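Protein chains in written order, with the working numbering: chain A, 114 to 421; chain B, 109 to 251.
Wrong hints could be hidden among the right ones.
[Unchecked claim] Cross-link-like lysine-lysine pairs, in silico, BS3-like; alpha carbons within 30 Å at most:
#1 Lys355/A - Lys242/B
#2 Lys194/B - Lys355/A
#3 Lys214/B - Lys201/A
#4 Lys301/A - Lys214/B
#5 Lys208/B - Lys301/A
[What the hints assert, rightly or not] Not the full set, but computed from the structure, chain B residues with beta-carbon under 7 Å of chain A:
#6 Leu195
#7 Ser231
#8 Ile240
Simulated from the structure, these hints should not be mistaken for lab results.
Only a predicted model underlies this, so the values are computations on that prediction, with no experimental measurement involved.
Glycine is no exception: its CB is placed at the ideal position from the N, C-alpha and C atoms.
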Amino acid sequence: MCHRKSLPGLVSVGLLVLAGCSLSPLAKNTAAFSSATALVVDNTRNAYRAAVRLNEQAQASLLVARFDTDHPMDPHSIRPLIDEKGLKVRTEILDGLRVYAQTIADLASGVSSPRLDEAAAACGSNLKSLSDALSSATSIGITLSSEQANGASTALKALGDFLVKREIKTSVPTVIRNMDPNVEALTKLLSSDIDILREQSDRDYEQILAQQDSFIRHAGTALSATERRAEIARLPRIVTGKSATDDMLGDLQSSINKLAVTHHALAAAATSKDTSSLQARIADLLASGENLATFYESLSSSSSKEKE
Amino acid sequence: MAPKKKSAAEQAPTAEGALQPSETSQPAETTVPPALTNPDTITTYQALYDVLGRAYWEASDIKYKDTIQGARDAIYEILTDLNRAKLDANTELFLALQPKVKASNKALGKIKEKISSITKNISTASSVIAAIAKVLSIAPSLA
Numbered sequence: 114m115c116h117r118k119s120l121p122g123l124v125s126v127g128l129l130v131l132a133g134c135s136l137s138p139l140a141k142n143t144a145a146f147s148s149a150t151a152l153v154v155d156n157t158r159n160a161y162r163a164a165v166r167l168n169e170q171a172q173a174s175l176l177v178a179r180f181d182t183d184h185p186m187d188p189h190s191i192r193p194l195i196d197e198k199g200l201k202v203r204t205e206i207l208d209g210l211r212v213y214a215q216t217i218a219d220l221a222s223g224v225s226s227p228r229l230d231e232a233a234a235a236c237g238s239n240l241k242s243l244s245d246a247l248s249s250a251t252s253i254g255i256t257l258s259s260e261q262a263n264g265a266s267t268a269l270k271a272l273g274d275f276l277v278k279r280e281i282k283t284s285v286p287t288v289i290r291n292m293d294p295n296v297e298a299l300t301k302l303l304s305s306d307i308d309i310l311r312e313q314s315d316r317d318y319e320q321i322l323a324q325q326d327s328f329i330r331h332a333g334t335a336l337s338a339t340e341r342r343a344e345i346a347r348l349p350r351i352v353t354g355k356s357a358t359d360d361m362l363g364d365l366q367s368s369i370n371k372l373a374v375t376h377h378a379l380a381a382a383a384t385s386k387d388t389s390s391l392q393a394r395i396a397d398l399l400a401s402g403e404n405l406a407t408f409y410e411s412l413s414s415s416s417s418k419e420k421e
Numbered sequence: 109m110a111p112k113k114k115s116a117a118e119q120a121p122t123a124e125g126a127l128q129p130s131e132t133s134q135p136a137e138t139t140v141p142p143a144l145t146n147p148d149t150i151t152t153y154q155a156l157y158d159v160l161g162r163a164y165w166e167a168s169d170i171k172y173k174d175t176i177q178g179a180r181d182a183i184y185e186i187l188t189d190l191n192r193a194k195l196d197a198n199t200e201l202f203l204a205l206q207p208k209v210k211a212s213n214k215a216l217g218k219i220k221e222k223i224s225s226i227t228k229n230i231s232t233a234s235s236v237i238a239a240i241a242k243v244l245s246i247a248p249s250l251a
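With the sequences and hints as input, model every part of the structure.
Set out below in structure tokens:
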């Protein structure tokens, strides 16, 4: 009897040792990588939106400038910098990258644990019912106490955890390694996009600035002193916006490049125990992403103020 | 599928098109002329745009400013079209990369399924135990 009582407990202790109680290095690293990736993805999406909006403003300013000339611009000729198809594929691929990073983090942290806990608990409870039924239906005399049933549940959970972790340990690093060249190709493409956006944004601001200057000069005395003062005051704000946008796009490009390097380190660390360099890279990536996070919000709020 | 004929609204706002919108009813050539994709040509246009920019701010006469900015606007439109073309080319590369990202996520989905099956196996064992217990619980009444 005593032997039977202690067996589930011993099994559970042994399996818990095998399964491990704390987060594995892979779980910690993938979780940190996922958070950093989510920031880069958000910042990149915001950069696309901001660049397309800015280009629309530049085209609109050209439309206004040419309105009363002998060669007015057809408003229908205003086109988005990136068409719908282009924005859609970029959005989808960024979402795909976010899902990838989130999934490896979920898998590595054992996100299915609640279901496993439920199944293991049900199993222990059913074992208790089985022993009760056996006891009353037969003369075998097997009885299972609540403690023993709980021990069986714990042992099953530990076994499940162990099997899950073994699956993760063998499969996830392979996926990460296989994804590495794709992340590199993707980040190179995103970086190439940012190069174009930087160049375009720079000229869009220049256009808006010159059209604003031209508007003030042509308006002459048609503007009241107060109105003229307000319009002139917009000029330095446009110059500041140009500089800030370029700085932030440069930082975003740097974050994107860091993402590739960090994923490469993640792929290497997935099969190695030395993760010190990876952790440093993740911290660096996360910090640069956080610096950018509020910028696009400030851009939207400043453009709203401009409209007012 | 035959390529969709582009409307005037969809055409590139080239300097010429912007100057004479009524003449843009013909399908626009969306492919950038090879001469304009030459990095040297692009650099030259960019340099010209910048020089005209400096000239604009240095000019004091509004008529000169208008003339300079008119030329600058035309170069702006050419360079913008070139950037659109570069972004379109990147779109194709993104499209080519998309299935690879999807494949990775699919591989991760399979791992999730395997993990679910571990849980499911434990659930199945639990169901079997429950079923046996149920049979045993009615066994005395059958005896």
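Q) Which hints, by number, does the structure contradict? A) Going through the list in order, the structure violates hint 1 alone and respects the others.
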